[in-house]
Structure formats: C-alpha cells, structure tokens
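J.: Below are the chains, spelled out letter by letter.
Number of protein chains: 2
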Amino acid sequence: MSAGLCEKPLFKKCCILGLGLMGGSMGLALGEHKVVRERWGYDLDAAAMLQAKKRGAVDRTAALPHALADAELVILAMPVRQIMRTLEMLGQNVSCLPEGAIVTDLGSTKEKVVQAMDAVLPAGVSGIGGHPMAGSEKAGIGAADALLLKNAVYILTPARQMKAAALHKMRQTVRAIGARPLVLEAAAHDKMAALVSHLPQLVAVALVNSLGDSGQTKGPLLRLAGNGFRDTTRIAMGDPGMWYDIFQTNKLFLKESLQIFMKELDLIYNCLEQEDEKEAIARLSRAGSVRRQLTALS
Amino acid sequence: MSAGLCEKPLFKKCCILGLGLMGGSMGLALGEHKVVRERWGYDLDAAAMLQAKKRGAVDRTAALPHALADAELVILAMPVRQIMRTLEMLGQNVSCLPEGAIVTDLGSTKEKVVQAMDAVLPAGVSGIGGHPMAGSEKAGIGAADALLLKNAVYILTPARQMKAAALHKMRQTVRAIGARPLVLEAAAHDKMAALVSHLPQLVAVALVNSLGDSGQTKGPLLRLAGNGFRDTTRIAMGDPGMWYDIFQTNKLFLKESLQIFMKELDLIYNCLEQEDEKEAIARLSRAGSVRRQLTALS
Numbered sequence: 001m002s003a004g005l006c007e008k009p010l011f012k013k014c015c016i017l018g019l020g021l022m023g024g025s026m027g028l029a030l031g032e033h034k035v036v037r038e039r040w041g042y043d044l045d046a047a048a049m050l051q052a053k054k055r056g057a058v059d060r061t062a063a064l065p066h067a068l069a070d071a072e073l074v075i076l077a078m079p080v081r082q083i084m085r086t087l088e089m090l091g092q093n094v095s096c097l098p099e100g101a102i103v104t105d106l107g108s109t110k111e112k113v114v115q116a117m118d119a120v121l122p123a124g125v126s127g128i129g130g131h132p133m134a135g136s137e138k139a140g141i142g143a144a145d146a147l148l149l150k151n152a153v154y155i156l157t158p159a160r161q162m163k164a165a166a167l168h169k170m171r172q173t174v175r176a177i178g179a180r181p182l183v184l185e186a187a188a189h190d191k192m193a194a195l196v197s198h199l200p201q202l203v204a205v206a207l208v209n210s211l212g213d214s215g216q217t218k219g220p221l222l223r224l225a226g227n228g229f230r231d232t233t234r235i236a237m238g239d240p241g242m243w244y245d246i247f248q249t250n251k252l253f254l255k256e257s258l259q260i261f262m263k264e265l266d267l268i269y270n271c272l273e274q275e276d277e278k279e280a281i282a283r284l285s286r287a288g289s290v291r292r293q294l295t296a297l298s
Numbered sequence: 299m300s301a302g303l304c305e306k307p308l309f310k311k312c313c314i315l316g317l318g319l320m321g322g323s324m325g326l327a328l329g330e331h332k333v334v335r336e337r338w339g340y341d342l343d344a345a346a347m348l349q350a351k352k353r354g355a356v357d358r359t360a361a362l363p364h365a366l367a368d369a370e371l372v373i374l375a376m377p378v379r380q381i382m383r384t385l386e387m388l389g390q391n392v393s394c395l396p397e398g399a400i401v402t403d404l405g406s407t408k409e410k411v412v413q414a415m416d417a418v419l420p421a422g423v424s425g426i427g428g429h430p431m432a433g434s435e436k437a438g439i440g441a442a443d444a445l446l447l448k449n450a451v452y453i454l455t456p457a458r459q460m461k462a463a464a465l466h467k468m469r470q471t472v473r474a475i476g477a478r479p480l481v482l483e484a485a486a487h488d489k490m491a492a493l494v495s496h497l498p499q500l501v502a503v504a505l506v507n508s509l510g511d512s513g514q515t516k517g518p519l520l521r522l523a524g525n526g527f528r529d530t531t532r533i534a535m536g537d538p539g540m541w542y543d544i545f546q547t548n549k550l551f552l553k554e555s556l557q558i559f560m561k562e563l564d565l566i567y568n569c570l571e572q573e574d575e576k577e578a579i580a581r582l583s584r585a586g587s588v589r590r591q592l593t594a595l596s
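Heads up: the protein sequence lines correspond to chains X and B, in order.
Just so it is clear: in the first sequence, position 174 is 174 by our numbering, and no numbers are missing.
Numbering-wise, our numbering comes out as the position in the second sequence, counting from 1, plus 298.
In case anyone wonders, no lab produced these hints; they're calculated from the structure.
Honestly, I wouldn't trust all of these hints.
Derived Cβ-Cβ restraints for the label pairs, each shown as a range [stated by the list, open to error]:
1) 220(X) x 344(B): 38 to 44 Å
2) 185(X) x 353(B): 55 to 61 Å
3) 279(X) x 353(B): 36 to 42 Å
4) 266(X) x 394(B): 45 to 51 Å
Glycine is no exception: its CB is placed at the ideal position from the N, C-alpha and C atoms.
Modelling step: build the complete structure from the supplied sequences, incorporating the hints.
T.: Below you can see the structure in the form of structure tokens.
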C-alpha cells in the first residue's frame, strides 16, 4: 500500500495513551489517513485531553481502563520510563485487549521498552516498539501536527511476543501515514541512536557548560562565539527532562559511544602534540568526507 | 568616526600579502570605504594576483620586497604558521617600511603572531594582531567580498612594539570598513577562541569520526542521523589544512579547553550512572539557559 488514504480502516479502535506532541501528531495522522475507525485517547492532564479532542487528534477520551477496552492498537506516547511503568499497568489490564491486538510506543529508546513488553504482554498480544525520527522544539498537544510524521524514518523494533501479521499491519500503518518504516532490533536501534543522537546531545551540553565553567560567559566570550559554536550547540536547548529520560534508558550504549568518541579526541590531540600533520589532516579530512555523505543524502 | 567613507584616506599605501578569501575581502573593503589611497598586493600564486587586481581587491601587484616599499599598513592574510614565517622575512626587509608603519594580520590565533611581531619588528613599526570573526565555506579570491567584514566583531591584539597612535588608527580602519573593533590581549583571545571555536571544531570532527570508527557508516546509521547530528557536525566539513594550522598554533589553550570539556562530560555521565536525576537535569538546564543567552544576542 502506498502512502495515502486507507481503502478500509486497518483498525476498528486504537487507544493513544499520552496526548502531547507525539501522541497528538500520531492521532492527527491516523485520522487524516483514515487508518483507524475510532481513535480513543487518555492523558493524565485533563486539559490536554480536552484540547486533543477539540483539535481532532482523537475522537473520544475516557479514563483507564475504559479507554483501552477492545482497542486493536495501543500507542504509548510518553517518555520511556513512563512507558515502562504504563506497560506494567497494562499487564494487569491486558484482558480488556482483543486477541491479535498490537501494543506499540513512540519512545526514543527501544531496548527497555521491548523488554518491558516481553515481560507483561500475553501470547495473544503483539508488542512492537516504535520510534518515528521526528520532533520539534515545541512540546504539547498544541504543537501536534500530522505533517511531523510525513516522510519521517519510522523505526519498528519487534518484541519477542510478536506475530508476523502484526508487524505487517504496523508497517502498513506507518506507510499509510506517509512515514518510512525501518525494522531494526531494539539493541541495534539503541546502539546507533547513541552514536548519532544521544552522544551529540551530551556533547553539545558539555560544550556549553565548558563555557560556563570557565567563568567567562559575560563579556567578550559570547561575542567571539560565531556560527560554528551556534550550530554545534543548538540542540543543547532541548528539554532537560526528556533528555535525562533518554540518556538514563540508554546508559550502556551511551557509555560505549562516549568511549569511542573520547578515544578519537585523544588520537587527534596526540597528533597535534606530536606535530604529526599528515595523520591529523587525514583524520580531519575523513570527518569532512563522512559528513558530506550525510549532506548528499538529504 | 562612524562606518562609511573616510573623509581622507587613513593610509597612503597598504600592502596585502596573501590574496585569498580574507586578504581579498579586506582589499575590497578598504577600497570601497576609501581607507587607503593605494592598495598593493602580493600572492605566491600569480593567478590569484591577477584575479585580485581584476576584481578590484588591490590597485597594483608586485613582487617582494617591492610591494612592501613605503607601505604604511602591511596586512598578512594567510594561515598562522605562514604569517610567522613571513614575519621573519619581514624582519630582514623592515627598513623599507616607513617610521610609524603598522603591521597587522588576519590570522585565527593571535599569541604566536604577536610573539613573532615582538621578535622582529623594530621600534618604529607597530605590530597589532587582528582577527575579524568572519569566514565562509568557500575559499580563494573568487569568494572575496567586502560584505564579509560588515558588522563582524574584529579582534585587535596589540604587540609589545605598538604605539597608542597606531592602535587608534587601526580601530579607525576597522570601523571604516563597517566592522566592530574589540581590543583583547592575544592570550585572552586564544583562550576564548579555544573554548568557542577550536574545541567545538575538534569535537565535531571527533563526533563524525566516531561514526566511522563504529564501522557502520553504510546502511541504517546515516538514516537515523537527524537534524541534531547535522547541526552538531556541520563544521566538520571545514578545510583540514586551515584547521590543523589553527589547532597547532593554539595547542595549549585547546588542551586546557579539552580538559574542561572532558571533565564536564564525566560529571554528567556520572550523574547518569548514579541516577542523580536532580543534578543531571540541573546541568542540562544550565546548558540550555547559557545557550539561550547566545540566541538572544544574535
């Protein structure tokens, strides 16, 4: 099936738990492309629920477990540690889900989520971790937008308790909302995300704080900061609570990436100390050529 | 004097050594604002000299030491290690410069330059290091543009052999071309530049090479790299030779910055290991608020 309207809804009922930026955007996209006949939603914040309904991100809202009853698709749209807690709760209410139901999430790290799915979901319910590679500086249901997911790479990480038919249906769903499914093992996702997303975030934060530590953020220091510094540290303005959650739930792969990175820093610095111009330039050139591959891709 | 045309040229003759992006832009700016009556230039590359003249970046070109004779302003526009070598050469030809002449440069690090000025310039010639905070991804005289210097912060770092009148004249020159002079000690410049420019460059290079080291630059890894990675590593595409020159001539302050940065990385990572959420979030929040100061400035 290509992107666009579903000829027939893939699901009769879905339930989105967490109606913020991502949950709201997912709800809007599922509605726009008619993927689900009836979209139910729940959020701890009553105002968010109200707004989600008003904006058309969900058709109905209800308390738990009522919102979940008979849902063929359950979408957990919250920070990862909260997803883990919600999955525990779900384990106690799982009897209200029909045979063949799919439980998925929109969290930024995947191994912990998939482990929690493995621990609580019964044989008849399929767990599939999900990570749409999309976001915004803004947060909350007010910023939700179906376009956020358009053309996004959307990672799917199957849990052990998963039927092939469920994965097929999840891929259809991702395509239906205009995103691009990519199936990966949860650990492979987390390892790569540590390198291309979590490590750069940590590094940007540490770069900015290095300025702070030098006790010089007043005066000429910031006047000397040009576009290079601006670009390199832009992401340091990301939401601290969200990033703590990501770092904490991907600690081991982040540590591994950090070690690779620090080793590389040492190698380049040693070239400078030893005035090994040839090797230093080789490393600088290599970075430029790998980075240009990325530019060519976009 | 405000930015704009000089009522009367500040200098009868200047000589720009090195007619690439920066030297060419400086020549164009000095011409446009009529700061110098006659702009002479020299470059090792004869084609660059020809093009500089054709583009109006200089009025005349000549070989050395002829181009230097009677120049009241000498501008060294080349990488820092080459500036140091050129200053040695200049020391042997300094008798062709008039009493009261100014020797300046456009290099990215300042302490080595000012030390070299101190070593070779006679009492009658004033040395003033210069660093216009401006650049482009492009290089060479073809990319030269007077607008490059417009509104740029332009650091001036006096050498010991400098007369107050010379500094005054240099500030007038910087204002005349529309840039904003900021006088700093050479070491203070280099220490700050290490933190806001050279360290971020080294870090961006190491981030990209960390991907390379992981042996995964083919396949899904680059599909997972989003805007965060793109922004953080954009500067890794900078010219390797230029950056090696900068790193090499600011090695000690770069090392100091690297140590501050690595300590900060360790501190944040330790918060994660010890699950000290409060302290971790405090550090992430602090980075966000320092970085927002920068956004507010621009």
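J.: The structure should be examined with respect to each hint, and the outcome stated for every one.
T.: Against the structure, the hints come out as follows:
1. 220(X) x 344(B): 38 to 44 Å: About 40 Å separates the Cβ atoms of residue 220(X) and residue 344(B), which means 38 to 44 Å holds.
2. 185(X) x 353(B): 55 to 61 Å: About 57 Å separates the Cβ atoms of residue 185(X) and residue 353(B), which means 55 to 61 Å holds.
3. 279(X) x 353(B): 36 to 42 Å: With a Cβ separation near 37 Å, residue 279(X) and residue 353(B) satisfy 36 to 42 Å, so the hint holds.
4. 266(X) x 394(B): 45 to 51 Å: Distance hint for residue 266(X), residue 394(B) holds at roughly 47 Å.
The structure shown violates none of the earlier numbered hints.
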